[in-house]
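Chains as they are written, first to last, in the numbering used here: chain A, 1 to 334; chain B, 1 to 344.
Since the hints were derived computationally from the structure, they do not count as laboratory data.
Glycine is no exception: its CB is placed at the ideal position from the N, C-alpha and C atoms.
One or more hints might be untrue.
Claimed, not checked - Pulled from the structure, derived: some chain A residues nowhere near chain B, Cβ distances all over 10 Å: (1) Thr132; (2) Ala201; (3) Ala243; (4) Gly319.
Claimed, not checked - Chain A stretches covered by chain B per the calculated footprint, using a threshold of three residues with CB under 8 Å from any CB of chain B: (5) 14-23; (6) 34-42; (7) 89-103.
Each chain, letter by letter, is given below.
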Amino acid sequence: MAFLDNSGDIILDAVLTDVGRKKMADGTFKITKFALGDDEIDYSLYNKNHASGSAYADLDILQTPVMEAFTQTNAGINYGLLSLGSTDVLYLPVLKVNEKTTISSNVKSPSTPTSGIFYLADTSTNTVSKLTTALGASDKFLTSNSTSGPAILLESGIDTSNIAGDTANKLTYLVSNNLVDKSFYVYYDNRFLTTVLGPTAGSKFNNTSLGLSGAPTLDYALAIAPPVTTDLQISNFSSARIAAASDNVVENGNYSTPDTSVSAVAGPRGAFTVLNFIVKPNLNTAYTLYGSVSQDVFSDSVLYSYIDTTIFVQGTKTGTQVQIPLRIIKYISG
Amino acid sequence: MAVINYEPLNSSTDVTTTKTLLYEAIPLTGTIVSGTYSDENIKNFTHGMFQAVYDYPYLSSSANHIFDLSVGYSSNSTISGSVSAVQESKKINMYNQFAQVLLGYTGSDNIVREFESDLSLDGVGKIQDSFFINFSRLITKDQIKKGSFSLTVGTGSWANPFGFTETLTDASASATGKTTNTIGGDYGVLYNAGNTARGVVFYQAGIAILATGSWDSVTDFNSGSSPVYSYTTAQSLASASISGSCDALRHRIKNISFNNTTEINSTIYFCRVPHNKYNYSANPTYLSSSQIRVKSIASDTPISYITTIGLYSPNNELLAMAKLSEPLKKDPTNEITLRVRLDY
């Protein structure tokens, strides 16, 4: 898309999306609400200390060129503007994946052969045992449809060391501003994944259960998350809503294990959730079409087929989101 | 991703509809009609009932169809029944087709009405021998603008057709008068400079019907050398093929111009952004170590910058999207009304 001419008056370039045109065709076109977005804006350009004064702080932002409107909904509003009740909010929560090694039942992405990718073993014979050998541990990968873990642990909270992650600050900065997510949307590629597993009621994550050791307690069971119909903006993606529970990891100077060794969030924690998936059966054709077949992934002469995809997780209250690279992997031979 | 905060649109106070008429000037120069492309832009058909005129050699994918030409006469015309008639039944068929589509049938015998060179359709001033110019919808769009049609034809000899010219216009017609409405839409009368009626133009149908009066004094309206022939308009209509008469007319078209009309029906959504809404952002760059970048202390005013407006269905489906040409600052000290117009 080209940029809009911003040399004169402010203009609005409006288009029907592909979904809008489809709705026009089937006679169900009805607009009832609106939302605002700022996807093009890079707020790091905001210069509070501009040499010419505060009036110039957003000069660069206001000169941001804006692209023409897209007709595809997947390029619509990715990061919406938020309405919060209070004007004196200084911190907003972020969503992070917790790969701390002090926790045993969360999954960690292996550092080799590539870092940052989470592995998901499909249910074919020997994949789990081969991955355990290749990666050296069973918590380095997810197992399809495993309701007991390990699972991806996600935490939302204020990720700053400027504010102690204690209970009082959690109340002040998160709870009182209504910034604690009660659930999360999970978007996944329905060509490869059947559904999402989320935590059941009673799941808990804290560092308070084991006294002054400050050691983590992560208890959960996983169950199939209900699908939801929200604005699915990425083709072939479905969405589900998984529950969130209160993240009760707190800072306590008397704990022998610091809270930052337990939590991925440096400051007050709001909510956590855990996540696993069910891989679609009979993905052999998909491995050929969308992934790689019979590859020596770990340089151990064992061959695997795999597909790389991305999982999107978003807080239903705060809108904070994270993308999780996921490799669906299947043992072939060797 | 899912948008977290929506603002409802009240259908009675935030939504309105308008209709706008958009006009474009369409000038068609006679050199395109005859000359520029050595008739490679003229398509004749084996059925021989009309010929199509393109703005470029029609075998090219760049060519656009601009209008069709045909001729015909009523079975009640003095030409009808000529001993030297060529394609007579097709010419009568063409006349009847245009007449039944544009005027319909009348009387106890339910006979097709005939074109008239006035607005009254009272049986006086009939146009029984005609040239038909059907303009493509590509250029007329929804209709020809009333009062804008102009056709200049050469009334000189075959060898020098533009030695004399006559310009036919519907200048007296307007959106408020001097037109007649029929089953084929509104039509106005084409007059020459002497205020003599020479034909009619149907605005919605985009069809001009020319009588032969412009060439009454021309003895070689249609002429050729192999074999040698020289026809008046009446002779041409009777004795030349339809395409032959169309060729003769194209030979004499100097200029055609009109304004087309596009009706744009719009729905306007007034997206009212209250002072206390949309002052924060879920944009990842909005935070640095979880702190809002545009604030130094908690009491600083939150600021966001609007670039996009999404319009949603009750099921949160993005149906339309609008982009501002530049970011718009939003903070709790201002309220903004964004006027989003969707055209259909």
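Structure-based check of all given hints:
With a minimum CB-CB distance of about 34 Å to chain B, threonine 132 (chain A) clears the 10 Å threshold, and the non-interface call stands. No Cβ of chain B comes within 10 Å of the Cβ of alanine 201 (chain A); the nearest lies about 23 Å off, and the non-interface call holds. At roughly 16 Å, the least C-beta separation between alanine 243 (chain A) and chain B is larger than 10 Å, which holds for a residue marked as non-interface. At the 10 Å boundary, the C-beta of glycine 319 (chain A) falls inside the reach of chain B, the nearest C-beta of that chain being 4 Å off.
By the rule of at least three residues with a Cβ nearer than 8 Å to a Cβ of chain B, the coverage given for the segment 14-23 of chain A holds, with 7 such residues. Taking a C-beta to C-beta cut-off of 8 Å, the segment 34-42 of chain A contributes 9 residues in contact with chain B, enough for the three needed, and the coverage statement holds. A stretch counts as covered by a chain when three or more of its residues have a beta carbon under 8 Å from one of that chain; for the segment 89-103 of chain A and chain B the count is 6, and the coverage holds.
This entry does not satisfy hint 4, going by the numbered hints stated previously; all others are met.
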